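Following numbering that gives the first Met the number 0, the numbering of the sequence shown begins with 0 at its first residue and continues without gaps.
Take these hints with a grain of salt, some might be off.
Distance ranges between label pairs, derived from CB positions [claimed, not checked]: (1) Ala437 with Asn1035: 43 to 51 angstroms; (2) Ile101 with Asn623: 32 to 40 angstroms; (3) Val11 with Ile33: 29 to 37 angstroms.
Simulated from the structure, these hints should not be mistaken for laboratory data. All values reported here derive from a predicted model rather than from experimental measurement. Glycine included, each C-beta is placed from N, C-alpha and C at the ideal position.
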Amino acid sequence: MAFSDNFIKRPVLTTVCSILIVLVGLISIPILPIANLPNIANPLILVSATYGGANAEVTEQAVTNPLEQQINGVPGVSYISSNTDMTGNSTINVYFDQTTDIDIAQVNVQNRVSLANPQLPDQVKETGVSVTQSNPSILLAYEISSSEGQFDAAFLNGLVYEQLYYPLSRVEGVANVTIWGGANPAFWLFVDPSRLAANKLTSEDVLNAVQSQNSVAVGGLVGGPPASGDQAYTYPIVVENNGNLISIDDFNNLILSRSPSGNLLKLKDVGEVRYGSNSYSIQVVDKNETEALTIAVFQTPSSNALDVSEGVIDQINQFKSTVPPGVTINQIYDIGQFIESSVNGVIDALGLAIVLVLIILFLFLQNWRATVVPSLAIPISLVGTFAFLNVFGFSINQLTLLGLVLATGLVVDDAIVVIEAVSTNIDQGMKPREAALACMGELFGALLATALVLMAVFVPVAFYPGGIGIIYKQFALTIAFSVAISAFNALTFSPMLSGLILSQKKPPEAKGRSWIVVGVIVGLAFGRFSAASFGNWTYIAGIVIGALAGSNLPLIFKVFNRNFERLENTYSRLLKRMIQARRIVLAGLVVGIVATGFAFTTLPTAFIPDEDQGYGVGIFQLQNGASLVETKKLGNQIAKVLSEEDDVANASIINGYGFNGSSPDQGVFFFGLQPLEERKGAEHSSDAIVKRLNAKLIALSDGLARASSPPAVPGFSAQGGFYFQFNDLSNGAYSFNELSDLAGQLIKTADASGDFSSVYTQFTPSAPAIGLNLNREVMGALNVDFKEAMDTISALAGSSYSGLTYESGQVRSIYVQGTPNQREAIDDILSYYVRSNDGELVQVSQFAEAELSSAPPVISHYNLSRTVLIQGAEAIGKSSGQALSKIQQLFKAETYTNIGSAFTGLAALQLSAGNASILVFGLGVLIVYLVLSAQYESYITPVIILATVPLAMLGALAFLAIRSIDLNIYAQIGLVTLIGLAAKNGILIVEVAEQKLKEGKSSVIAVIESAESRLRPILMTATAALAGFLPLVVANGAGASAQQSLGTVIFGGLIVATVLSIGVVPPVYVLVKDLESRLMSPSR
0 MAFSDNFIKR
10 PVLTTVCSIL
20 IVLVGLISIP
30 ILPIANLPNI
40 ANPLILVSAT
50 YGGANAEVTE
60 QAVTNPLEQQ
70 INGVPGVSYI
80 SSNTDMTGNS
90 TINVYFDQTT
100 DIDIAQVNVQ
110 NRVSLANPQL
120 PDQVKETGVS
130 VTQSNPSILL
140 AYEISSSEGQ
150 FDAAFLNGLV
160 YEQLYYPLSR
170 VEGVANVTIW
180 GGANPAFWLF
190 VDPSRLAANK
200 LTSEDVLNAV
210 QSQNSVAVGG
220 LVGGPPASGD
230 QAYTYPIVVE
240 NNGNLISIDD
250 FNNLILSRSP
260 SGNLLKLKDV
270 GEVRYGSNSY
280 SIQVVDKNET
290 EALTIAVFQT
300 PSSNALDVSE
310 GVIDQINQFK
320 STVPPGVTIN
330 QIYDIGQFIE
340 SSVNGVIDAL
350 GLAIVLVLII
360 LFLFLQNWRA
370 TVVPSLAIPI
380 SLVGTFAFLN
390 VFGFSINQLT
400 LLGLVLATGL
410 VVDDAIVVIE
420 AVSTNIDQGM
430 KPREAALACM
440 GELFGALLAT
450 ALVLMAVFVP
460 VAFYPGGIGI
470 IYKQFALTIA
480 FSVAISAFNA
490 LTFSPMLSGL
500 ILSQKKPPEA
510 KGRSWIVVGV
520 IVGLAFGRFS
530 AASFGNWTYI
540 AGIVIGALAG
550 SNLPLIFKVF
560 NRNFERLENT
570 YSRLLKRMIQ
580 ARRIVLAGLV
590 VGIVATGFAF
600 TTLPTAFIPD
610 EDQGYGVGIF
620 QLQNGASLVE
630 TKKLGNQIAK
640 VLSEEDDVAN
650 ASIINGYGFN
660 GSSPDQGVFF
670 FGLQPLEERK
680 GAEHSSDAIV
690 KRLNAKLIAL
700 SDGLARASSP
710 PAVPGFSAQG
720 GFYFQFNDLS
730 NGAYSFNELS
740 DLAGQLIKTA
750 DASGDFSSVY
760 TQFTPSAPAI
770 GLNLNREVMG
780 ALNVDFKEAM
790 DTISALAGSS
800 YSGLTYESGQ
810 VRSIYVQGTP
820 NQREAIDDIL
830 SYYVRSNDGE
840 LVQVSQFAEA
850 ELSSAPPVIS
860 HYNLSRTVLI
870 QGAEAIGKSS
880 GQALSKIQQL
890 FKAETYTNIG
900 SAFTGLAALQ
910 LSAGNASILV
920 FGLGVLIVYL
930 VLSAQYESYI
940 TPVIILATVP
950 LAMLGALAFL
960 AIRSIDLNIY
970 AQIGLVTLIG
980 LAAKNGILIV
990 EVAEQKLKEG
1000 KSSVIAVIES
1010 AESRLRPILM
1020 TATAALAGFL
1030 PLVVANGAGA
1040 SAQQSLGTVI
1050 FGGLIVATVL
1060 SIGVVPPVYV
1070 LVKDLESRLM
1080 SPSR
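The task is simple: from the sequences and hints, build the whole structure.
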């Protein structure tokens, strides 16, 4: 009894199996997370600390180096990068291998930070070192401003922190909420150094007074246990003034000293108190140059982007309902919207593919009953695949959905084979069930072998390691799951249903309006799945064409059959000529294989194509040492440029902040674009908008300003393009200026090559600074303690953290600093007083000299060594692969001493892929070859089947070149898929030819009869598959670049593979069989 017999005889059992497959798939769909791409970024742990008042070099030595040296030994670390800036901020990014558990990594890093803690300055210990899971890509960004400028940043900051910050932080999946332009509220105690000195005080006295008088008072209990036996009640002692200073008045009345006469000196006598933010280093404006805040929401690596986006938007909407009139909240961008649009785009492509496939099948089969069988096989296979995605921990993303689109063209093949066989038996006089039972014994092996061949292409790919492996795995296994379910359906559901509903084929008659109605319904379905990309006119076109087709079905079938018959006759004549000229065909095949190899080496390579994500980012920088005031002027010019661009909806310009470390002379900006559906045409694409903006930004004379598209893959960086580390391996032998000069030479050479649209660095080796030279001998003579002197100078000129207090139930920091008018010039610093060990006040000018000097505003590290980060992007007409290769080539040509290089971010992943596509392609061909060898018990026959694979590759590469698409990761995936598609057509011809050869026919006759008999099923399955792939080729909208890359390869390659399989396989078959017979001849 054949495997299928029991399922054919028991239709209820068979339908139950199919229903269960669909049911489990439907249950899995809402459970699966939704993302644009699977998470392929290196897990990132962010370690951050602040050493208030310290410059970049001091913070590097005191904070960054001890932390990095300890963290360096954590298991699984891929690389470490850090930025230390002039405001005392140390930010260390610890990147791990993709297979690392992020939670365990965080614990390990936290343990190493604890080991480094004893080496850190006391101030850093007090404020703490933060260790968090992070994602460098922002999920959502908002700007908050006032419509008429009536509210300043301080008011907006308080509003956001009180009503929005904490609700946003509680949204599930939110890793971090960053507010630029505002910060945590804090108390600032501005003291006048001269008035302090007049009262024989220093900043240290102020700090001591704060720490002494700002403390929580605990009163205890009256009558608390153990108590005497007659104690009736217990009374807690409540200190009415709890010890914390919680208002400006409290701090103003802080007692600093008492005179011999009993007079009290209070803080208000030597300074003033302000309630503000814990940082004033960043200022934000919107595109109207109005003072604003920017809110950036980062998601955790494992969260569902759409769920996080929805949760954040809900909180924002609640916040909008409570803000005072005049406060505006505008969304700059939301990656969740792009993800939703791109996923919906692939879903539309999937729906359109199903519609087109069914139209093609109906055209070939010309029997609605026969069309029902594959039309039911498609949803069973595709919906059931979601259950496997859930089991394997995949998400609904572009890769898995694109896999389902391709699977649409594949899963119908098995059902078609069954329908053809059953229909043939019915036409010979068998009853439908008998026909199904009779054919399945013969088809079992062929169906199983075909499924194994397709799975043999995809399953090995799933074992490729790293981020590239994640990409290949999710796509390949999705198709493999679909093929497996399809094969099961072909052995169970399809023969059962064929045995129930098939009958002898009769051309449908246009009875009444029934077929017109069907045509209109199909037209509506066509419009539904194509309107988003091509407009609502597709509804009208679909309805009109569907109605016309429905009313003229007999004529359409007649014309189709007549022309197909002519095609068969023409093919028969050409086939015989090609077999006669088989040596010429073989020579052409060899030439084609050589051309394929050449095409692989010449076609530009890339990794993941850029998509129009609906927003852009940018950086700007002034000359070294420019103040925040000057930076804001340039920021306002950028705001004006952005406001003049109609396609820019909202923008936020952040002055004083940098993606790679902050300083007053630089800034970044974000701009959100109008919705994609409102930006039709290439001139309104994000790339075109960025190009127009840069043409204006380059013209700004005050400094460097560049706009760019966001990175193609989230989780790697804030900007697109490549990140190249110019790494100092000399252990500090190079000065900052020397390192900058060497990197500058490379940038200059790269810029002159013409291969880059931009190549630059924001590294500044020397910004103006005050060099303070302390004479230790004089200090000794004056009995001045070095640490005491530096603490005093640091507190007055910079700031000194003085502890915490509580206001309205919230933690507030306290800082002590000199008044602004006494820290403006060198002479101000020299006029400060410090207390000697004898208790006398000594002016700084007595033991120190000051002069203008220089210091780097930001110091960057890569793997514990100083580095210059070079950023760039490929020029128009160049691929990212060419850009990476060029910068490496230029670096090697310079022959640096003790200078290393490395790519980070997405470029590093692209390079790590190396020749992955060649390896995956070769492995796929090898596995298919071995499976076919086992099937045919021959090492020679599979060569015939695989002969068309290289030429199918050539066709695919040619289509890529015609459409000017790089050989990116999606195109590479398509090439792997082509192996199975090309082999499948060859199998259909060789399988029948081998049977006829066993019947005693010559190789020529056997292959001619086989090719002629298999022409119709080959063309039917190929045309159905091409119809399924067509929506990808013409894709438009969000995620279109990925769809076009994959669709172009599959569509172009399958056309060539189909033509060659029916034209080249037969001549090659005869050549190989003739050679095989001669080699096995007894005379030899």
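Evaluated hints:
1. Ala437 with Asn1035: 43 to 51 angstroms: Holds, since Ala437 and Asn1035 (Cβ atoms, about 48 angstroms apart) stay within the stated range.
2. Ile101 with Asn623: 32 to 40 angstroms: Once the Cβ atoms are compared, 38 angstroms apart, the range 32 to 40 angstroms for Asn623 and Ile101 holds.
3. Val11 with Ile33: 29 to 37 angstroms: holds (36 angstroms)
In this structure, every one of the numbered hints holds.
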